[in-house]
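Asker: Generate coordinates for the entire structure from the input sequences, incorporating the hints supplied.
The sequence shown begins at 1 in full-length UniProt numbering and counts up one residue at a time.
All the given hints hold, so there is nothing to weed out.
Ranges between beta-carbon positions, derived for each pair: (1) Arg33 / Glu76: 12 to 22 Å; (2) Asp13 / Gly44: 28 to 38 Å; (3) Glu64 / Met1: 28 to 38 Å; (4) Asp87 / Ser19: 14 to 24 Å; (5) Ser63 / Met1: 30 to 40 Å.
SDA-like, lysine to any residue: derived pairs with alpha carbons at most 20 Å apart: (6) Lys67 / Ser36; (7) Lys67 / Leu78; (8) Lys67 / Ala86; (9) Lys67 / Asp89; (10) Lys67 / Glu53; (11) Lys67 / Pro14; (12) Lys67 / Glu81; (13) Lys67 / Arg57; (14) Lys67 / Ala88; (15) Lys67 / Trp38.
The set of hints was computed from the structure by calculation and includes no laboratory data.
The C-beta atom is built at its ideal place from N, Cα and C for all residues, glycine as well.
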Amino acid sequence: MRADLIIEFMGGDPDIDQSFQAWLADAGLGATRGDSGWVVRVRGWTDCERWGEQLSRFVAGRSESFKLRVDGPGGESLLHEVRMVADADSMTRFLATSAYLQ
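Answerer: Right under this line is the structure:
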């Protein structure tokens, strides 16, 4: 199973995308810039766990408030209070649901 997910940061710091790109490079993860966010390819639960952990760490390091949208073949999740659900397990479940793995 393979799915392309779109991760979009909404509101907050206008430079958040550049910060995320640098974060991904430091973490050794690849994503491409799409029309409405970052396109991330996941091939199963393990990829969702890896991305969920990195998203959790990235969110924890931000001081401004923003929304996070995750979209994929399994549906769309829009997290309004992203810090309330920014633990790695929750982020993994959001990614897996959007990838249609759950």
